[in-house]
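Q: Residue numbers (my numbering), protein chains in the order written: chain A, 33 to 602; chain B, -1 to 259.
Source of the hints: derived by calculation from the structure; they are not laboratory data.
Here the structure is a predicted model, which means the values were calculated and not measured.
Where is the CB? At the ideal position from N, CA and C, for every residue including glycine.
Among the hints, a few may not be true.
[Stated by the list, open to error] Sample of chain B residues with no beta-carbon within 10 Å of chain A, all distances over it, derived:
{"#": "1", "residue": "141"}
{"#": "2", "residue": "143"}
{"#": "3", "residue": "193"}
[Stated by the list, open to error] Have a look at the derived ranges for each label pair, beta carbon to beta carbon:
{"#": "4", "chain 1": "B", "residue 1": "149", "chain 2": "A", "residue 2": "578", "range": "23 to 31 Å"}
{"#": "5", "chain 1": "B", "residue 1": "146", "chain 2": "A", "residue 2": "229", "range": "20 to 28 Å"}
{"#": "6", "chain 1": "B", "residue 1": "149", "chain 2": "A", "residue 2": "440", "range": "33 to 41 Å"}
[What the hints assert, rightly or not] One side of the interface only, derived from the structure: several residues of chain B facing chain A at Cβ under 8 Å:
{"#": "7", "residue": "91"}
{"#": "8", "residue": "92"}
{"#": "9", "residue": "93"}
{"#": "10", "residue": "94"}
{"#": "11", "residue": "95"}
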Amino acid sequence: MSEDRNEMPEPEVDTRRREIPSILTSEFQSPSPDQVLENVLENVLLFLTSRRDRNAVSLVCKSWYRAEALTRSELFIGNCYAVSPLRAIQRFRRVRSLVLKGKPRFADFNLMPPNWGAYFTPWVTAMATAYPWLEKVYLKRMFVSDGDLELLAQSFPAFKELVLVCCEGFGTNGLAVIASKCRQLRVLDLIEDEVSDDEVDWISCFPENGTNLESLIFDCIEWPINFEALERLVARSPSLRKLRLNRHVSIEQLYRLMIRAPQLTHLGSGSFSSSDIVAQGDQEPDYVSAFAACKSLVCLSGFREIVPDYLPAIYPIFWVLDSVCDEGLQAVAATCKDLRELRVFPIDAREDSEGPVSEVGLQAISEGCRKLESILYFCQRMTNAAVIAMSKNCPDLVVFRLCIMGRHQPDHVTGEPMDEGFGAIVMNCKKLTRLAISGLLTDKAFSYIGKYGKLVRTLSVAFAGDSDTGLKYVLEGCLKLQKLEIRDSPFGDVALRSGLHHYYNMRFLWMSSCRLSRQGCEEIARAMPRLMVEVIRNENEQAKDSFEILYLYRSLEGPRNDAPEFVTIL
Amino acid sequence: MGSMHGEEREKPDLNLEATELRLGLPGGGGGGGSEVVKKRGFSETVDLKLNLLSGKEGGHGHDHGDQNKVKEKNSNARLPSCNNDPAKTQVVGWPPVRSFRKNMLAGQKGTSSGAGEEMVEKTTSFNAAFVKVSMDGAPYLRKVDLKMYSTYRDLSNALANLFSSFTIGNCGSQGMKDFMNESKLMDILSGFDYVSTYEDKDGDWMLVGDVPWDDVCGFMQALAHYERKRGYRTGLHLEPWKNARIDAEAETTTACSFDLH
Chain A
33 MSEDRNEMPE
43 PEVDTRRREI
53 PSILTSEFQS
63 PSPDQVLENV
73 LENVLLFLTS
83 RRDRNAVSLV
93 CKSWYRAEAL
103 TRSELFIGNC
113 YAVSPLRAIQ
123 RFRRVRSLVL
133 KGKPRFADFN
143 LMPPNWGAYF
153 TPWVTAMATA
163 YPWLEKVYLK
173 RMFVSDGDLE
183 LLAQSFPAFK
193 ELVLVCCEGF
203 GTNGLAVIAS
213 KCRQLRVLDL
223 IEDEVSDDEV
233 DWISCFPENG
243 TNLESLIFDC
253 IEWPINFEAL
263 ERLVARSPSL
273 RKLRLNRHVS
283 IEQLYRLMIR
293 APQLTHLGSG
303 SFSSSDIVAQ
313 GDQEPDYVSA
323 FAACKSLVCL
333 SGFREIVPDY
343 LPAIYPIFWV
353 LDSVCDEGLQ
363 AVAATCKDLR
373 ELRVFPIDAR
383 EDSEGPVSEV
393 GLQAISEGCR
403 KLESILYFCQ
413 RMTNAAVIAM
423 SKNCPDLVVF
433 RLCIMGRHQP
443 DHVTGEPMDE
453 GFGAIVMNCK
463 KLTRLAISGL
473 LTDKAFSYIG
483 KYGKLVRTLS
493 VAFAGDSDTG
503 LKYVLEGCLK
513 LQKLEIRDSP
523 FGDVALRSGL
533 HHYYNMRFLW
543 MSSCRLSRQG
553 CEEIARAMPR
563 LMVEVIRNEN
573 EQAKDSFEIL
583 YLYRSLEGPR
593 NDAPEFVTIL
Chain B
-1 MGSMHGEERE
9 KPDLNLEATE
19 LRLGLPGGGG
29 GGGSEVVKKR
39 GFSETVDLKL
49 NLLSGKEGGH
59 GHDHGDQNKV
69 KEKNSNARLP
79 SCNNDPAKTQ
89 VVGWPPVRSF
99 RKNMLAGQKG
109 TSSGAGEEMV
119 EKTTSFNAAF
129 VKVSMDGAPY
139 LRKVDLKMYS
149 TYRDLSNALA
159 NLFSSFTIGN
169 CGSQGMKDFM
179 NESKLMDILS
189 GFDYVSTYED
199 KDGDWMLVGD
209 VPWDDVCGFM
219 QALAHYERKR
229 GYRTGLHLEP
239 WKNARIDAEA
249 ETTTACSFDL
259 H
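Let the sequences and hints guide you as you build the complete structure.
A: Encoded structure:
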C-alpha cells in the first residue's frame, strides 16, 4: 500500500515471445540490425519491473522508448490528473496491471470538500477497449461508481485482482457484479473504503462450483453479510490465504471459518467478541486449538471489541497491533524481536483525552525492536529523549510518523520544542524516506530536515514552524521531496516561491490553512505553465477570493474539466 | 437538577453572537434522508456550543448547567478550523485518524461517553435526523429531530425549551406540555411528578416520547422486513419489549429497553 515500504507485489512477467522469421524457411530474409536490436531489447526489457528503471530506459533514445512502451505491463499513475487516459493508452499498448491514485491524503481527514474529483470512469472507459487483457486494478482515493465496476467486470475476461483503498462511490451492487462476472478473480481487497448498502447479498454471488480466491478483505464494510454464504464460500475456495472480516462476524463465526480454512496466512478477526445470540450453557468452542491449527498465520488484525478472556489464544502470532497501552508495548518490545512495522492508533482520537500510550512505550519499542523499519505512533505526550533513543536504536527506519495529538505540545518533561527529537531522526536514520512530524516545532526542526533529510520523499507537517524560513529550509534542502502536505502552519507566499525550482519534480504540494494569498498562488501558476495550481474554497465561504487549500501538481494535460465549483485552477 | 428559584420563567435571552454554532445540518441541501441513512458520509466529531443565557444572572455555576455541548457524528458538512477556542475544541481532521477507524473504535462498548461528558449520537431513522442531546445535571436525555428546524435559532429555541424546566425548578403542567409529544402520555401523567424514561444501548436514560411512535414502529417493521428479505440472520436483534409499569413510588419508569448491535 505504501510506496515507501514497496509492498506492491511483483507483477506477472509477460512471457509471450515475439516471432522471429525462421531461418529454415525458403523465404529467409535476414532482419535488419535495428529490428534485431529491438527484438532483443524487448525480450530483455520484459524482465525489468521497477518503474523507475523503466522510466530511465525510456529516456535513452527513441528506439528504447518504443521498446519500453511496448513491454511495460504494469502502469503506475501516482496522480490521476497528471496524465490523461488517452495519453496513457496511446503510449503503453500492452498493460496488464494498473495502479491509479487520486485524491491527496489529507482528503481522508475531512479537509477537502466532497466531490472534488478523481473519477475512475474516464479510465475504465478508455481501458475497456484498449486493454482487453487487463488483469489487475489497484485504486487509491478514487471515486468509483457501481457503473465503473460493472464495466470493469464486463470488459476484462482475464481479470484477477481488484484492490480498492480509501475509495468511495460504490456499493454492494457493484461488488455483486464483480463477484459474479469476474470468474478468474483471485483478489478482492476492500481497504478502508466507504461502501454503501444496496441490500444485495454479494457474498452469495461468487461462482458456485469453486473459486480461485486467494484474498478477500472486507473489514471496512459496515453492513452485515450473509454468514452462511461466507462459510460456503470459504469452503469452496481452496486457495484462500488472506481473509479479513468485518465487525459483524462474531467470534463463534470466526471459529467456524478458521476450521474450514487452516491454510490462512492473514486473518482479520471481525469483532472477536461474542454475539449475544449464543445461548447460555452452549459449549464454548476451542479457540486455542483453532488458532494453533492455523500454523501459517503471519498477520492478525481487527479485534474490534476484545473481550479479554479470548486473548490468550492469540499471543504467539503478532505483526501489526492496534491500540495498546505502554505496558502492552513493553510486552511487544520484549517478545517481538523481529518486528518490522508497528502502528499504534488512539482508542480515543481526541486531543485532550487521557492517553494510555506515551514516550515510555516508544522507548521500550526502540530498545526491543531493533529491526524496526516503519512506525506510526499516536500519543498524547512525548519527549525528545525517547525519539532520540529511537533514532539511535533503530537505524533501519524508513518510515517515521509520530503524531502527538495535542497541538503545539512540547517535550512534557523538559518543556522544550520537539526539534531535537525529529532532528535526531533525520540525522541518524539514513534510510528515511517518509516523515510525519508533530508537537511544538520551531524553524530549527525544519532546518534539520532540510539539512539531513536527503532521501525524504514524503513529509507531513501540521501546526508547526515559526515563519517562511521553515518551509524554505525544506524546499531548498530535501532534494528528493515528492509529496509535501502541510496544514495550519505559518508559511506564506515567500516560502511558496522558494520551491519554484522543485515543483516539477514533485507529485504534489498541499497547503491548507497557512498564510498564502491568492496573488502568491497566481504568481506560481504564471511562472510554471505545466503546474496545476488549484485553490479550493470551503463550501461555506462566500468571498470568491479567499480559499482554504492550495493543491498543486504537475500535469501534462492542462486544467482538468471535471473540477467542481469550489475549485479554481489558476 | 437545576436550581429551585421559583422564579418567573422568562424566555431565555439568546444572544446569538454568543451562540457559537459551527455545524451544518446533515444531509446537506438536497440529499434525501435515505442517502444519509445508507452512506456513512464524512463523519466528524464537532463541538457545538450553545451558550444559552437563562433568565437571571447571578449565575452560580449556571454557566456550566446551561451549556449544552452537542457533538454530532456523521455530518456531511465541512467545517473551518476554529481558532478562538482553546483546549476543548475539536479541530477538523485532527488528530489525523480516518473516520473509518474512528467509527471502528467508537463502536467498542464503554468508550463512547465519560462522566460529565455530553455527547450526541445520531440515530438513523426513516425521514428524520434524530440526535441525542444531553445537559449536565439533567436526569435524562432528549432526542431531537434536526429536520424539524430550519435555522439555528429554531434549534436553539427548541433546546432551550427542552431543558428549561431543569433550570427554573418545578415544572407545572404547562412545562410538561413542552416535553410530551404524545398527548396520551400527558393524560396519564398530568398531575404526576413523574416521567417515563428508558435506557438505551449506551446506558443513557432517555425521555420516552421524543421519537414519534410511528417512527419506532416503522423502524421495527423495517428491521423485520430486512431480515426476511435477506433470508438470513443479520446479527441485529431486539430484546422483547419489557412491560411498561408506572410505579407510583418510583420517580422514573422503565418503559422499554432496546439493544441493537
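Q: All the hints need checking, so say for each whether the structure fits it.
A: Hint by hint, here is what the structure shows:
1. At the 10 Å boundary, the C-beta of residue 141/B stays outside the reach of chain A, the nearest C-beta of that chain being 22 Å off.
2. No beta-carbon of chain A is positioned within 10 Å of the beta-carbon of residue 143/B; the least distance is around 23 Å.
3. Every CB of chain A lies more than 10 Å from the CB of residue 193/B, the least distance being 29 Å, so the non-interface label holds.
4. As the Cβ distance of residue 149/B to residue 578/A is approximately 25 Å, the hint placing it in 23 to 31 Å holds.
5. Hint check: residue 146/B to residue 229/A, Cβ distance near 26 Å, so the stated range 20 to 28 Å holds.
6. Residue 149/B and residue 440/A have their C-beta atoms about 36 Å apart, which keeps the hinted 33 to 41 Å range intact.
7. Taking 8 Å as the C-beta cut-off, the interface hint given for residue 91/B holds, the closest approach to chain A being about 3 Å.
8. Here the hint on residue 92/B is kept, as its CB sits about 7 Å from the closest CB of chain A, short of 8 Å.
9. At a threshold of 8 Å, the smallest CB-CB gap from residue 93/B to chain A is about 4 Å, leaving the interface hint in force.
10. For the restraint placing residue 94/B at the interface with chain A, the shortest Cβ-Cβ distance is roughly 5 Å, inside the 8 Å limit, so the hint holds.
11. Here the hint on residue 95/B is kept, as its CB sits about 4 Å from the closest CB of chain A, short of 8 Å.
In this structure, none of the earlier numbered hints is contradicted; all agree with it.
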